[in-house]
Structure formats: structure tokens, C-alpha cells
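Q: For reference, the chains in residue letters:
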Amino acid sequence: MTGVRLRRRLAPWIAPLVLLAVWELASRTGILPKNLLPAPLEVARAFVRSVSRGDLLVHLGVSALRAGVGMLIGAGIGLALGLLTGLSRKLQLVFDTPLQMMRAVPALALVPLVILWFGLGETAKLFIVAVTVMFPVYLNTFHGVRSVDPQLIEMARTYHVSGFAMYREVILPGALPSILVGLRFALGMSWLVLIVAETIGAEQGLGYVAMNAREFMQMDILVLTIVLWAILGKLADVLAGSVEQRLLPWQPRSQRMAAE
Amino acid sequence: MSKEITRGAELSLRELTVELGGREILRGIDLHVKPGEFISIVGRSGSGKSTLLRVLAGLETHTRGELKVGAPPIVMFQEPRLLPWRSVLQNVGLGLRDPDPRRGLEVLAQVGLADRAKDYPSTLSGGQRQRVALARALMHRPEVLLLDEPFGALDALTRISAQKLVEGLWRERGFSALLVTHDVEEAVLLGDHVLVLDDGRFVFREHVTLPRPRVRNSAEVGRIAARVLNAIFDSGREDADEPPRAAESGAEHQPSGANIWPNFARGETP
Numbered sequence: 001m002t003g004v005r006l007r008r009r010l011a012p013w014i015a016p017l018v019l020l021a022v023w024e025l026a027s028r029t030g031i032l033p034k035n036l037l038p039a040p041l042e043v044a045r046a047f048v049r050s051v052s053r054g055d056l057l058v059h060l061g062v063s064a065l066r067a068g069v070g071m072l073i074g075a076g077i078g079l080a081l082g083l084l085t086g087l088s089r090k091l092q093l094v095f096d097t098p099l100q101m102m103r104a105v106p107a108l109a110l111v112p113l114v115i116l117w118f119g120l121g122e123t124a125k126l127f128i129v130a131v132t133v134m135f136p137v138y139l140n141t142f143h144g145v146r147s148v149d150p151q152l153i154e155m156a157r158t159y160h161v162s163g164f165a166m167y168r169e170v171i172l173p174g175a176l177p178s179i180l181v182g183l184r185f186a187l188g189m190s191w192l193v194l195i196v197a198e199t200i201g202a203e204q205g206l207g208y209v210a211m212n213a214r215e216f217m218q219m220d221i222l223v224l225t226i227v228l229w230a231i232l233g234k235l236a237d238v239l240a241g242s243v244e245q246r247l248l249p250w251q252p253r254s255q256r257m258a259a260e
Numbered sequence: 001m002s003k004e005i006t007r008g009a010e011l012s013l014r015e016l017t018v019e020l021g022g023r024e025i026l027r028g029i030d031l032h033v034k035p036g037e038f039i040s041i042v043g044r045s046g047s048g049k050s051t052l053l054r055v056l057a058g059l060e061t062h063t064r065g066e067l068k069v070g071a072p073p074i075v076m077f078q079e080p081r082l083l084p085w086r087s088v089l090q091n092v093g094l095g096l097r098d099p100d101p102r103r104g105l106e107v108l109a110q111v112g113l114a115d116r117a118k119d120y121p122s123t124l125s126g127g128q129r130q131r132v133a134l135a136r137a138l139m140h141r142p143e144v145l146l147l148d149e150p151f152g153a154l155d156a157l158t159r160i161s162a163q164k165l166v167e168g169l170w171r172e173r174g175f176s177a178l179l180v181t182h183d184v185e186e187a188v189l190l191g192d193h194v195l196v197l198d199d200g201r202f203v204f205r206e207h208v209t210l211p212r213p214r215v216r217n218s219a220e221v222g223r224i225a226a227r228v229l230n231a232i233f234d235s236g237r238e239d240a241d242e243p244p245r246a247a248e249s250g251a252e253h254q255p256s257g258a259n260i261w262p263n264f265a266r267g268e269t270p
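The listed protein sequences derive, respectively, from chains E and W.
If you read the first sequence in my numbering, its first letter stands for residue 1, the second for the next number, and so on.
If you read the second sequence in my numbering, its first letter stands for residue 1, the second for the next number, and so on.
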């Protein structure tokens, strides 16, 4: 690895590390009262404690499962709707407006209804996740399909490509970069919305841990969950990025960087 | 490398009229292309030449008249229009149910790109991409090749080699070719016949009998190009309702006295 690349790798971490150092220093000198914000080392200690007790990993595992399953359902529906409305003006007329309106509804507002419909079980939580991730996937799929280069479609038609072959050769690959942007958003949001979903009668999960810490004023645990969210969000992004690179090997590197 | 000889197909248009958005783009044109002929069509933008090609390609439908195309035509567009997500070889096989990779490599070799078969189009230069588009066309053993200004976006040097490549493959394979361009010299260098389209009608026709390959910048090519250019300028000067009928009457085109760009259009032959 050359020096330039090393510096590029490290650069994004400079700001968080400096922030941590300043935060620790402020706590130690008493500028930052510990009852308002615990010091980073205390948070780290809380992390080690929870991990050694074994419950943190269980909470993370449960949350990951909820995020993952909700993501599969929501993204699947969003993808299907996006493809349908993207390919047919009639379906767009029928579906687009209601979907756009539903998109404007905050997940939190749905909670009472969801409890009424599905009770306090897993279904309610998965529903919240699925509904939330559906929209970015739907919107980006729709735009991806619509923005496929019409010149390529025309060219393929002159070579007698039609029907399913047209989707496989031209439309889906053309829409894929945009679809992946939607999935990337969705992946991030599937974690975020757990804070809402896991307030519904949960006894496990990251959202439950955060809610519990809030109730009992466990500031170190509360901050720990916030940090975990930040790290998991970044991880989700890295994961999505590597999926993108694998699925879009044909994109020139410069183009891929610009999209990030 | 196996030589592939394809007989060209016949093309015939009679009184062909095309309306788009309520406007007559082509007004009853007649054209007959014999198998294996190379026809060049020139005209300024808006003359209807691209529409003519699109109708022949089946991308637009004609309103009136008769259109007979002896074989499914293959089009080369101004842009290469390669699928960015498919390798060069996959692009060449587009539209074939079970493309034979050996044949794909053969046609790529004919355009000098066999070593780039596995690469993505984004790694190629503009001229190389257009050569891949040509290979894709050849892969389909065209009997009719429609060329919609395929050299227009290339730089001058690349354009010359691309023209030579197309002419060489045409002579070798014997398909019928119809080239739409606004480069008059290119039209004369490649065409057996050069036709000038203006306002939806053919206003001039020149049978070019010079031996091939024709010499760029030669006196003969220059003289013919100047005549064609004259026809284009003259036709633009007339009222749209009264276009010259030189092509239909078959008469030699007589340059009229009052030409707005006399020096340039009559271009002294070097």
C-alpha cells in the first residue's frame, strides 16, 4: 500500500478519534459533568461488561435478525412495486401517489395501529422495519427503470431483443446501480427504525436496551447503544458498498466514486 | 479466418410518405437499392434523412406508400450503443439465441479487437467502441446494413480508418449498405450512388463510377463532392413548396446562377 492510499484510508477516522480524545479530556477535567455525558472510557467499560455477561451479543443478534428479515420483506415488495410502476405507466398512475403519501407517514405514528393489528409480537416489529425500508427501494427502483438509456432499448429492439430478454439484457442491468443505492439506504434505515420497532413489547434487542437505559438513567449504556448504532450504520454501508462493487464490475472506477 | 459471403438484399421504396407529429417528414420518395449496392444519402439536418433510415430499420412506421426490405436490416447508429454491463464479446453476440464465441472472436478479429473480447466497453476508446458496434452488426450476417452517421462522432484520423474498414468489409461480404451522413466527401468516397435529400424529397442523384478504393482529396472525388454540395445549397435556396425535381427527372443537375456561397460550394478542385 502506498503512502497516499494509507493516508486516504486513515483520513475518515481522524475526526472521530479527535472528538473522542477531546470528550475524554473534558470529562476528566470536569468541564463535562459525568451525569450529563459519561466519559468514553466509562462507555468502553460498560461495553466490556455487557459483552462478558453475554447479553449484548444476544441483543445484537436479535436486532440483526429483525433488521434482516424486515429488510428482505420490505425490499422485496419495494423492488417488485418499483419494477411494475417503472415498466407500466398505468400501474404508475394507480400506485405512485398512494405510495408517495404513505412514504410521508413517520413510522412512529404507525406504532399504535400496528400494536392493534399485530399485537406485541415479532410481526409488529417486522412490519415497522419492512414498511420503512420499502420506500427507498421502491423509489430508486422506479427511477432506475425509468432512466435506462432509451437509445440502448432502441438498439436492442433492432436486434430483435424483446420480452424477458429485454429485461435481462437491458432494463434490469441498467436499473441496477439505482436499485443498489435504494438498498443501501434501506440497509441503513433497517437499523435505525429498530429504535421504534423495539419499543413495542420487546424484551431483547438494541432498541430495547436503549429504552431500558433511558428508563433507568444508565447513561453509560445509553451512550454505548448510540455508539453501537453509529458503528453498525457504518458497517451496513461498507457491506452495501462491497455488494455494489461485486455486482457492478463494469462501472468505471471514477463513476463509482462519484456515486458514493 | 473463414470468409463469409452474404448476398445483399434488395430495398425498394415507392411514394413513401412519413408523417410524424402531424408534419410530413418524408414526402413520397422513391428509392431502389440493388443487392450489394452502397447508397449514400446526404442532406442538411432536418432534411428527413435520419427518419428515412429509422423507417427502413422498423423504428418508425410509414404513413403512405410502399416499403420493401428484402432482409431484416441491421443498424449502426452514430453512437456505438454498447451495453456497458456486458463484455465486448457478449455485446457482439447480443440478440443471438446461442452466440458462438468462436465466431464472435472472428468478427472481432476482423475489426482488429479480438484481444479486447473480455473487456468492458468503458475501457475502450470511441473508435474502438464503434468498431465493436460494427462487429456486432457483422455477427448477424447482415444482408442490409443501415449506417446512421456512424463516423460522425469520431476524430478525423479514426474516421478515415473506420470508413476504410466498413468499405473493406462491404466489398468482402457483399451486403447492401445505406449510409446517411452530412459529410459529402464521405458519401462520395463510399457510395455507388449519392442522393441528396431535402425537405423530405430526393433532389439530386449522382452515380459514382470511380474505381475503389477511392482516393481521398483526389480531383475526381473533389469534383463530384462539389456538385453534390452545390445541389444541397441550391435546394435550400428554393421555396419549400417548389423543390427542384432533378432526381426524379433524371436530368443532370445544373447549378443555378445565383448561389449564395458560390466560392465555397463550387470548391476549386485541387
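A portion of the hints provided could be inaccurate.
[Claimed, not checked] Below, computed lysine to aspartate or glutamate pairings styled on DMTMM-like, alpha-carbon distance capped at 25 angstroms:
1. W:LYS68 to W:GLU15
2. W:LYS118 to E:GLU244
3. W:LYS164 to W:GLU15
4. W:LYS118 to E:ASP96
5. W:LYS68 to E:GLU154
6. W:LYS68 to W:ASP192
7. W:LYS118 to W:GLU106
8. W:LYS34 to W:GLU60
9. E:LYS234 to E:ASP220
10. E:LYS90 to W:GLU37
11. W:LYS164 to W:ASP192
12. W:LYS34 to W:ASP119
[Said to hold, decoys possible] Derived, one-sided and incomplete: chain W residues facing chain E with beta-carbon distance under 7 angstroms:
13. ALA57
14. ARG81
15. TRP85
16. GLY95
17. SER122
18. PHE233
[What the hints assert, rightly or not] Here are a few chain W residues that sit away from chain E, every Cβ distance over 12 angstroms (derived from the structure):
19. ARG64
20. ARG86
21. GLY93
22. LEU96
23. ASP119
24. ALA133
25. GLU220
Just so you know, these hints were derived from the structure itself, not from any lab.
For glycine and all other residues, C-beta sits at the position ideal for the given N, C-alpha and C.
Q: Hint by hint, note whether the structure agrees.
A: We went through each hint and held it up to the structure:
{"no.": "1", "hint": "W:LYS68 to W:GLU15", "verdict": "holds (12 angstroms)"}
{"no.": "2", "hint": "W:LYS118 to E:GLU244", "verdict": "holds (21 angstroms)"}
{"no.": "3", "hint": "W:LYS164 to W:GLU15", "verdict": "violated (34 angstroms)"}
{"no.": "4", "hint": "W:LYS118 to E:ASP96", "verdict": "violated (41 angstroms)"}
{"no.": "5", "hint": "W:LYS68 to E:GLU154", "verdict": "holds (21 angstroms)"}
{"no.": "6", "hint": "W:LYS68 to W:ASP192", "verdict": "holds (20 angstroms)"}
{"no.": "7", "hint": "W:LYS118 to W:GLU106", "verdict": "holds (14 angstroms)"}
{"no.": "8", "hint": "W:LYS34 to W:GLU60", "verdict": "holds (23 angstroms)"}
{"no.": "9", "hint": "E:LYS234 to E:ASP220", "verdict": "holds (21 angstroms)"}
{"no.": "10", "hint": "E:LYS90 to W:GLU37", "verdict": "violated (46 angstroms)"}
{"no.": "11", "hint": "W:LYS164 to W:ASP192", "verdict": "holds (15 angstroms)"}
{"no.": "12", "hint": "W:LYS34 to W:ASP119", "verdict": "violated (38 angstroms)"}
{"no.": "13", "hint": "ALA57", "verdict": "holds (6 angstroms)"}
{"no.": "14", "hint": "ARG81", "verdict": "holds (4 angstroms)"}
{"no.": "15", "hint": "TRP85", "verdict": "holds (4 angstroms)"}
{"no.": "16", "hint": "GLY95", "verdict": "holds (3 angstroms)"}
{"no.": "17", "hint": "SER122", "verdict": "holds (5 angstroms)"}
{"no.": "18", "hint": "PHE233", "verdict": "violated (32 angstroms)"}
{"no.": "19", "hint": "ARG64", "verdict": "holds (24 angstroms)"}
{"no.": "20", "hint": "ARG86", "verdict": "violated (7 angstroms)"}
{"no.": "21", "hint": "GLY93", "verdict": "violated (10 angstroms)"}
{"no.": "22", "hint": "LEU96", "verdict": "violated (8 angstroms)"}
{"no.": "23", "hint": "ASP119", "verdict": "violated (10 angstroms)"}
{"no.": "24", "hint": "ALA133", "verdict": "violated (9 angstroms)"}
{"no.": "25", "hint": "GLU220", "verdict": "holds (35 angstroms)"}
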